[in-house]
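2 protein chains.
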Amino acid sequence: MHPTPSPHSAEDKLSWLRLIRSEKIGPITFWQLLNRYGTAKHALEALTRLTQRGKTSYRLASEYEAEKELKFHHKQGFSLLTALEPEFPQILCSLTDCPPLLSIYGQLDILNQPTLAIVGARNSSLNGRHLAERLATDVGKAGWKVASGLARGIDRFAHQGSLQTGTLAVIAGGINVIYPPEHQDLYHAIAQTGAIISEMPLSLHPTANHFPRRNRLISGISRGVIVIEAAFKSGSLITAHAALEQGREVFAVPGSPLDPRCRGTNNLIRQGAALVESAQDILSVMESPLSSLPAELTQSSTFLRAINWCSLETDVLADLSLTPTALDTLVQRHAVPVQTILTLLLEWELEGRIQRHPGNMVSLVL
Amino acid sequence: MHPTPSPHSAEDKLSWLRLIRSEKIGPITFWQLLNRYGTAKHALEALTRLTQRGKTSYRLASEYEAEKELKFHHKQGFSLLTALEPEFPQILCSLTDCPPLLSIYGQLDILNQPTLAIVGARNSSLNGRHLAERLATDVGKAGWKVASGLARGIDRFAHQGSLQTGTLAVIAGGINVIYPPEHQDLYHAIAQTGAIISEMPLSLHPTANHFPRRNRLISGISRGVIVIEAAFKSGSLITAHAALEQGREVFAVPGSPLDPRCRGTNNLIRQGAALVESAQDILSVMESPLSSLPAELTQSSTFLRAINWCSLETDVLADLSLTPTALDTLVQRHAVPVQTILTLLLEWELEGRIQRHPGNMVSLVL
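In order, the protein sequence lines correspond to chains A and B.
At position 50 of the first sequence (counting the first as 1) the number is 53 in our numbering, and the numbers step up by one without a gap.
At position 319 of the second sequence (counting the first as 1) the number is 322 in our numbering, and the numbers step up by one without a gap.
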């Protein structure tokens, strides 16, 4: 778990929601700010101060908006879980970009059960769909929950094959936005025995750039990812690469070299992914779903702990001048994660103290 | 090269042919006898003596038969090469079961050029055939000759794709037996720019048990073997396993888990064969065809050299009694290759000194 205060009140939850819904604040910046200011409330206060000083057009999410979002969740029967709540999927806490909050539609008790992701092409072949459904059913019967992305093609059949045993759909838009629209029935069916999951604001309609971000959660919530039919540069490969970075097992179903939908999966196998022809190939690699989560997947990323923000702020500021300096130089000189430097820069930008230049350069403002 | 006397006369060649065409003598026994008696002629004389002593029905090939086979070769324009002749494929000499003689129909200068084998299912898919032809053409253009087995399906298209650049067909029957018969045109076309190769006696019609023996020569004559569509327990897998034993590279084309013709190739990939989608995947693994043959592929198997036949004969004989003894026990006790023991047993059998029993047991005859 990230370094945060003890379990929080309803007021805390509201502050968390405001902070993550504010402009320019993604999960990584969120955790940096929480580390720097102790609580989300203090971070919001600090950002407000800085913004007023800098007179920029930066907009924090208002308390009203956050309350409205929370009320809508209650009204619709959705849950909004912070990463501190016990129902929150613990396996996500090992990610440096763990979402601070998740909207859930469906069963909360499925979120902490052992899960495998099955993903693949939207324009999949009949054979691919058939395989997705069969693999999902077979790993489901063996005790695994199945995660996917509610997309057309492979995703849909992965969900269908595991409806009875429990399936998780991580979606790219807001929890109340059903995309593609023809999957409305599937969306509701999943919620009966499984869960729909979103980290995005209510009512957000997903655009192309939301999908890669969502894909990291499909792999992140799973112990292994199975890829069926994926072309080169497809979203499924992004999920597979996220899985590798997150230390998850990667499986791929081979296919004919003459089918462009198999280029991606064949290449994954060439790079070392386990070749899958049947559920047995998966089950023989994965430990039993009854085994507890490996230690490295339950520990949160700890890189935040050691930062001495005060001295770092002084040191980095001393490096800046009216001449633009490269962000890379700052990161190397101070040997801290790039996100830590970015958090300082965000604050100084809000204050109007620095200016950004093309090519990831920054300079002081006169 | 196997331990043999210096380049031999026409008379020597006739003796080699007689010896290898004699009952119960395969390539391994052939080399053992040559090692034991110095020349094929001396081996024939020894076997004749033993046979007369034992009064068994064992039949050596006659001089007449061998001469007839040689004459037929000349008449038809076939060549008969011993393993000592410079045109003989040197890469085969590293095999412990290197054929002592090969019948060739076609171009002799192709036999020592860098070669890759392409093999696969007879009942191949259209896609598989298309791929076989394309891969053969592409590796051909890159300077490789292509070996295969003249069979229906993948083999045929591998030959067709490489007719222009040169292809080798290793066949399971006699050099003059075209099987399957509908490949008559292909057989003659191959001989124009490439070669038909057989180690079997003239006019032998192949039966099921001849094919695995032939398969070891397809891989043996090649530096790498590419398998396209192979079911479990198929002949192509026998070729792939022979290739591994012979230290050749193994490549396999993946396919859908729903196609039983891909079970074998997918399993090869799972076991470590390089995954092939295009010729580039092969060319990037193989050294340039211009590079000389790796040392380990030009050296003959040397296990024959160290045998002291005389003392071994005394020692093994001392181990036998009227009670049957297991062959395995003899091999373990004397720490020599099983074939060396088998050569001694063959001689004693011809002499009528021993008797064989079920389960690889032997006993002395009273």
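Among the clues, some could well be false.
Unchecked claim - With the C-beta cut set under 8 Å, the calculated list includes, among others, these residues of chain B facing chain A:
id : residue
1  : Ile241
2  : Asn269
3  : Arg273
4  : Glu280
As the list claims (entries may be wrong) - Covered by chain A, per the in silico footprint, the following chain B stretches (three or more residues, Cβ under 8 Å):
id : region
5  : 126-137
6  : 258-267
Quick caveat, the hints were computed from the structure, so don't treat them as lab data.
We put the beta carbon where it would ideally sit given N, CA and C, even for glycine.
- Item | Unmet hints by their number, sorted upward, for this structure | 1
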